[in-house]
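S.K.: By the count of this note's numbering, the sequence shown reaches residue 751 at its end, each step adding exactly one.
Be a bit skeptical, because a hint or two may be false.
To be verified - 30 angstroms max Cα-Cα, derived DSSO-like pairs, lysine-lysine: (1) Lys435 to Lys560; (2) Lys472 to Lys435; (3) Lys597 to Lys472.
To be verified - Pair ranges (Cβ atoms, derived): (4) Gly443 to Ser555: 18 to 26 angstroms; (5) Gly686 to Ala418: 51 to 59 angstroms; (6) Leu482 to Thr684: 45 to 53 angstroms.
FYI, nobody ran anything at the bench for these hints, they're computed from the structure. The C-beta atom is built at its ideal place from N, Cα and C for all residues, glycine as well.
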Amino acid sequence: TMGADNNLSAGDEPGLRFAVVMGADGKVRDLTWAGIAQWRPADGFLWIHLERDDPAAQAWIREKSGIDPQTAGLLLAEESRPRVQDFDDDMLIVLRGVNRSAAAAADADGRARTQLVPVHIWAEAARCISLRDTAHSLDALRDIRRSLLLGKGPRTIGALLALIAEKLVDHLGEMTDELEAAVAEIEDKVCDNRGDPALRMEISSARRGIVQLRRYLSPQRDALYRLQHDDTSWLDADARHRLRDVSERLVRHIEDIDELRSRATILNEDFTNLLTEGALRASNRLTALASLVLPPSLFAAMLGVNVTGIPGADDPYAFLWFCLLIGGVTLAIWGGLKWLKWL
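The whole structure should be built from the sequences, with the hints applied where relevant.
M.R.: Quick look at the structure:
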């Protein structure tokens, strides 16, 4: 037993992140693969957390877990859209959580990118099996395991499922807050008329995060609603009440995400308008410059024609008068452009 040790060991055996059994005496013990093989429902409530893509975990699920082979295939499948499926009095649940591990991929700007990762759950009256991929990490499950070892965690399958859903949604809320802060920062930059092209990357990154999060929130809401109203015998009233609270909290997160999506769309439009206005201003300046240069160029070309009859050819002051004429025309054009506010 690890007791209050916060440095939780995990992954000591192939495919097994951890396994804990909650005995009738209230004590919580860590189990190895050998301990799992010896476990019986009379020993207490068992929670097994596995690496879904590890061969050892897959072999155990298919051959030693006691789960029907076809159902085991569904549990190990790549499909990760949040859902709930009934199998008599047992349930297959897929939810999405937040991966904040240091190994998470980074955005183009070098900042860590928060990922939504799937957790597959098989729930029975006395046993819960959860699986996540080796490359992913879920703080929500680690927090629950720590609480169990401190004697503060759930003691029934229903309470465990409700707590997993609650932790996952809480961490989704933190992710929503981060996205809102990012959108607010970009809004300040756009309001400052900073037409920096790099700002487009920030807007695109925020929009991708919002779309990714929104993509899974709706099916997760539906999955939690289905779980809350399932007629499974071991899901008690307290667990259903907590699941209802979690569902309502998730609905609020969805509303916040929808608002963020609208703000990000407006930001993208505003930034595009800024770039368009900048391009128009540059084009106007070039047009104004061409307008100033065109008359002198036209006069010089006409006077450079190799024909007789050029006015002032024999006048020693002709070039001076020509320069004064060009200067006057240029000033007139410059004044007209200023009046038109092109300069």
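S.K.: If a hint holds in the structure, say so; if it doesn't, say that too.
M.R.: For each hint, the structure was consulted:
Taking the CA atoms of Lys435 and Lys560, the gap is near 11 angstroms; set against the 30 angstroms cutoff, the hint holds. Under the criterion of a C-alpha separation no larger than 30 angstroms, the hint pairing Lys472 with Lys435 is consistent with the structure, at around 26 angstroms. The straight-line distance between the Cα atoms of Lys597 and Lys472 is roughly 57 angstroms, outside the 30 angstroms bound, and the hint therefore fails. Between Gly443 and Ser555 the Cβ separation comes to about 21 angstroms, which falls inside the hinted range of 18 to 26 angstroms.
A hinted range of 51 to 59 angstroms for the beta carbons of Gly686 and Ala418 is consistent with their spacing of about 53 angstroms. A hinted range of 45 to 53 angstroms for the beta carbons of Leu482 and Thr684 is consistent with their spacing of about 51 angstroms.
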